[in-house]
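We have chain Y; now place chain L onto it with these hints.
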Amino acid sequence: MNILVIIKMAPDLVEELSIDASGTALDTQWLRLLPNEFDEFALEQAILLKERVGANVTVVAPQADGIEDALFTAAAKGADHLIELTGEPENLNNHALARAIAALIPALQPTLVLTGVQAHNDLDGQSGALLAGLLDWPYVGYVSGVQIVERKAHVRKEYPGGLLAEIEVDLPAVLGIQASDEPPRYVAFSKVRQAMQSATIEKRDIGVLNCSGGTVISRMFQPEAKGHAKMLTGDTQEVVARLVEILQTSGAV
Amino acid sequence: MSANILVVAEHLHGQVLDITYVMLAGARRLAKATGGKVIALLLSENVQALSQNFNADIVRSYNHPAFEDFSNDAYLHVLEGEVKEEQPRVVLFGHTTIGMDLASVLSARLDLPLVSQVQRFEALNFISQICGGKILAEGALPEPTALVTMTPGGYKTEEGQGQNPPIETKQAAGVEKKRARLVRFIEPPISDVDISKEAVLVSVGRGLQNQEDLAMVERLAHALHGAVSASRPLVDKGWLPTSRLVGKSGKAVRPKLYLALGISGAPEHVEAITNSEIILAVNTDPNAPIFDFAQYGVEMDLTELLPALLEKLEQEKVS
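Residue numbers (our numbering), protein chains in the order written: chain Y, 1 to 253; chain L, 254 to 572.
So here's chain Y without its partners, still in its complex pose (with noise of 0.2 Å):
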């Protein structure tokens, strides 16, 4: 069995955001991009299949600032074959990138494909979702866990209100993971290094984007906070007292 996983960086928000000169996109100067969480559960899942029921697992990837370093992560994880699709990659979006993969299907042959099922700067629906669109496969997203049962695959979706369903799908197909049966594997950093050793990298360019279906910004801004919380200063001792005032006056001491 052959899986595709396709990974994508996406804005840290752990750190400042901010909005460039032009005003309809994120300033790139200082971004820290991380690889897009669920991608790494997707990555996961694709490894734990490999583990129990052996399969040949490529990882593609965008070109992107640290990409490469993920795409090597993912070698000493336990992927075997990793591509990074090269070209204008600052105007990538998701409808451009779902054409690329589609692309690539003949040549790779999967039977399963897995992506994370978002990022959180979506802004033209889904990589995985749309792959599956343009290639005519079976579709499931906010999955949460996948089991290859005589040649299908059983998975587990999320619906609203915390309520799970077990589904039978048939293979090829494309899954949009939210998290996988295992969470993520730790791997040392000397694993990487040999990976960086041992591991190639194929490029592939996409050549000439077609970004059709994906939306124009005209301005991007930070939203205005209509409130903002009381906020508790002084050393830990002074906060921790003001802290446990308002538990009480709250009731719940």
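Note that these hints are calculated values from the structure, not bench results.
Each hint should be verified, as a subset may be incorrect.
One-sided excerpt, in silico: chain Y residues whose CB lies under 7 Å from chain L [unchecked claim]:
| # | residue |
| --- | --- |
| 1 | Leu108 |
| 2 | Gln109 |
| 3 | Asp124 |
| 4 | Gly125 |
| 5 | Ala252 |
For lysine-lysine, the following DSS-like pairs were computed, each having C-alpha atoms within a straight-line distance of at most 25 Å [to be verified]:
| # | chain 1 | residue 1 | chain 2 | residue 2 |
| --- | --- | --- | --- | --- |
| 6 | Y | Lys50 | L | Lys490 |
| 7 | L | Lys409 | L | Lys450 |
| 8 | L | Lys285 | L | Lys337 |
| 9 | L | Lys509 | Y | Lys226 |
| 10 | Y | Lys191 | L | Lys490 |
Cβ atoms here follow ideal geometry from the backbone N, Cα and C, with glycine treated the same way.
Relative to chain Y, chain L alone:
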């Protein structure tokens, strides 16, 4: 192209989901700008009961047992035909575990543009809330037909309620073929606490970095006669069960006191806690959106605050 706005109503287990009313409220605003009608599309066997309270001009229903439990193949089959025939100006989906299984697939199949995470509209402009609520992005709704996934928070559910619109029934054909089939619903274990009924919730998020520190959180919940709940990242890590999840695919809560510890306040979390009486947030990031919703805030590391707070509470108890 028509001026109409199509709303793909969401329902589960015989209940209309709140996002449907939020979408109807958004659709009303859009229809005012286009001069068209609001058409609620309801794929269900139980149309009469579900659609009574829709603020729509027409409810268009497709009755078929295939829609009983959400199936994206069955839905997509109907939606493809409906969008081709109606050519609405905008189609609204929930940015939810249901709507997100539909909108992108449809965008690719029909080659129609798609806008995600839309919170509200201004005339025919969309405003999307991205990056965990830290950034807003505005633009014109693309033509000819814009597919949109909507997040809650922009409109009150009441705005999407209050009419008894006429029902137009259409035949659903060819919806039996499902490539993804429901095997069973996995009901949450009933032995666990129901966080939607607790008066005090001590809720933890990504800011809690070591699993061992959960013990302190448990102790705090115990001292406050409450329960521990969590935001998405800790449930995904497997530290707490899904039954404790507060947020979009978890539960909405309404405690007297909600302690948000190391929770940044992403929109999907905030929407589920807005009915809390008091929200008290602790976070090391002074710009965390949670501070815009909480009444009280503390900018401090949990590993520093929790031991001191527990000690003080123990002392209070003794004295």
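Hint-by-hint comparison with the structure:
About 19 Å separates the beta-carbon of Y/Leu108 from the nearest beta-carbon of chain L, more than 7 Å, and the hint is not met. Hint status for Y/Gln109: violated, given a least beta-carbon distance of 19 Å to chain L, over 7 Å. Look at Y/Asp124: its Cβ gets to within about 5 Å of chain L, closer than 7 Å, so that hint holds up. The criterion of a C-beta within 7 Å of any C-beta in chain L is met by Y/Gly125, whose closest approach is roughly 4 Å, and the hint holds.
The beta carbon of Y/Ala252 comes within 5 Å of a beta carbon in chain L, closer than 7 Å, and the hint placing it at the interface holds. In summary, the hint linking Y/Lys50 to L/Lys490 is supported, as the alpha carbons are separated by about 20 Å, within the 25 Å threshold. Proximity of L/Lys409 to L/Lys450 is assessed by CA-CA distance (about 23 Å); at most 25 Å being required, the pair is judged to hold. For the suggested pair L/Lys285 and L/Lys337, the alpha carbons sit about 23 Å apart, so the restraint of at most 25 Å is met.
With a C-alpha separation of about 22 Å, the suggested pair L/Lys509 and Y/Lys226 falls inside the 25 Å cut-off, and the hint holds. In summary, the hint linking Y/Lys191 to L/Lys490 is supported, as the alpha carbons are separated by about 22 Å, within the 25 Å threshold.
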